[in-house]
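Chemist: Below are the chains, spelled out letter by letter.
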Amino acid sequence: MYMSRTIDKEIIKNFTLLKTNQSLVYLDNAATTQTCVAALKAMDDYYTKSRANIHRGVYNLSIRATEQYEAARDQVASYINADREEIIFTSGTTHSLNQLAYSLSPRLSHRDNIVLTRLEHHANIVPWQQMAKHYGFTIRYAELNKDGELNANSFQKVINANTKIVSFTLVSNVLGTVAPGQEIIKLAQASKAVTIVDAAQAAAHITLDVKKLNCDFLVFSGHKMYGPTGIGVLYGKKIFLEEHLEPFLFGGEMVQSVSYENATWAELPYKFEAGTPNIAGAIGLGAAVGWIKKAGIKKMATQEEKVISYAFKKLTPLVKIVGTRKNRIGIISFTIPGIHPHDIAEVLNQNQVCIRTGYHCAEPLHHHLGLNGTARLSIGVYNTTKDIDALVVGIKKVKKLFA
Amino acid sequence: MEMYSELILDLYKHPANKGNLPNYTVRWEEHNPLCGDTVAIEIDFGKKGEIKNIAWQGNGCVVSQTAASLLTDHVKDKTTKVAAKFSSEEMLELLGLTKLNPTRLRCALLGLKTLQKALASYVART
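Top line first, the protein sequences correspond to chains G and U. Residues in the first sequence are numbered from 1 upward in steps of one, following the working numbering. Residues in the second sequence are numbered from 1001 upward in steps of one, following the working numbering.
In short, the hints are calculated from the structure, not lab data. It is possible that part of the hints are untrue.
Beta-carbon label-pair distances, calculated as ranges [to be verified]:
1. Asp8/G <-> His1014/U: 39 to 47 Å
2. Ala1124/U <-> Ile239/G: 40 to 48 Å
3. Lys1018/U <-> Lys396/G: 24 to 32 Å
4. Lys1081/U <-> Lys314/G: 52 to 60 Å
5. His368/G <-> Asp1073/U: 30 to 38 Å
6. Lys41/G <-> Ser1005/U: 40 to 48 Å
7. His1014/U <-> Lys314/G: 47 to 55 Å
8. His1014/U <-> Val393/G: 24 to 32 Å
9. Val1123/U <-> Ile139/G: 38 to 46 Å
10. Asp1073/U <-> Lys41/G: 55 to 63 Å
Heads up, the beta-carbon is just placed ideally off N, CA and C, and yes, glycines get one too.
Chain G on its own, in the form it takes in the complex:
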């Protein structure tokens, strides 16, 4: 056992579902994490003590709600080392990426290209494909090296003078590999391309610093970092948000002044937040971020590293792991020859072990690697080596059943 029983209890205390279902082995954190008590409590407080719309009322209740919502923005901003005006609340990573695809593509023409990677989640492929059909630009894919990783070389080969956007995932949701973000962004900026970082799988596991990364945009979801569903973030460099990006949704809150003929936009970040936002969601995310900060992301990462190392060691003789050990956090996708991933998950389910199977919203990558679906385990801060032991027992059972 790597983790002492006390730390185990200390963490589990923050996750009601896991605390009340101690025999459950939850290993699908790349899909969604459990919600921490701090987030649940903050949302409950909003609903039961401060429920009102924000930015509208002069009465105390509305002012309190507004303060909580804006405090959440401050929390998120400081979490990624951004300024508060640079934080736009969206419904999640998919929303953020769609918004960027819709907003940035109109300035592209058939002479231009954008660069994505072989690793991308559907949310960072499909919106661009749709825009490419409309505006005529081409999509280039940065290739993986023989270890299934992205490196600077992958991008050097595809970025040229006509590359206008480079959008890539910082952590692969299939392989768990971490891309060299800073290096890639430097390369993209040498060609004056706009840079977008999909940090959905990174946000709960590695320190994010947008100033150090120097990216133009960075997006992530609340529900993959111990926060609620339906809330996410679109970070944009102030200069970009002010001068280059037009509002995507129009309506209330995002306007400065409206006549029957025309409208002018509110200042940052409000011009990008039309309609009543997901107030409770933002407050919940703010609290989740606060909880991560308190628990210490580096400490969490150290614990996760121990569990994933243990999993790698235990699984290597039993299954075929996709990719190598190098540069990997939190995620292992695997296959067992002759057994369909669905059947692996079904038998594991009988042992109360939850893993994901199929394409994990990355069908092109699976085909690219010659895989017809995989089984995937992904860990969170509450997972221990005991969970991996339970997984191993389940996998042995599957193999026996199909022998």
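Given chain G, put chain U in place with the hints provided.
Modeler: Chain U in isolation, oriented as in the chain G frame:
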């Protein structure tokens, strides 16, 4: 544990009617976009429109693959009309799996969907 009964596992390891036909009248392929399971059915129709010979290919989970074996066995020698009436409920009964969750239901009915489309394409042609 009924999903992984000896009967089903045995059929999964030794499928019935799996392969290609030397001659066929129609071929239809369907896949489950969620998990990538595929089933393709080839049918050689007789003079009276009966299913003279039927074979299938595919890959996927135990549920989708054993369903294809059982289904093709069941409709062999039946007329197009009778085969087309075979329902989802009857398919699940044939499999012996009546309490499937929505995800696995799609696996169980993939073969039937393929058969229905194959039959419809034959009927449209004649």
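Chemist: For every hint, state whether the structure bears it out.
Modeler: A quick look at each hint next to the structure:
For Asp8/G paired with His1014/U, a C-beta distance near 46 Å keeps the hint of 39 to 47 Å intact. Remark: the range hint 40 to 48 Å for Ala1124/U to Ile239/G is contradicted by a beta-carbon distance near 60 Å. Checking the proposed 24 to 32 Å range against Lys1018/U and Lys396/G shows it holds: the Cβ atoms sit about 28 Å from each other. Against the hinted window of 52 to 60 Å, the Cβ-Cβ separation of Lys1081/U and Lys314/G comes to about 55 Å, which satisfies the hint.
With their beta carbons about 37 Å apart, His368/G and Asp1073/U fall inside the hinted range of 30 to 38 Å. With their beta carbons about 47 Å apart, Lys41/G and Ser1005/U fall inside the hinted range of 40 to 48 Å. The beta-carbon spacing between His1014/U and Lys314/G, approximately 32 Å, falls outside the hinted interval of 47 to 55 Å. Taken as a hint, the range 24 to 32 Å holds for the pair His1014/U and Val393/G, whose Cβ atoms sit roughly 28 Å apart.
For the pair Val1123/U and Ile139/G, the beta carbons lie near 41 Å from each other, so the given range of 38 to 46 Å is met. Against the hinted window of 55 to 63 Å, the Cβ-Cβ separation of Asp1073/U and Lys41/G comes to about 58 Å, which satisfies the hint.
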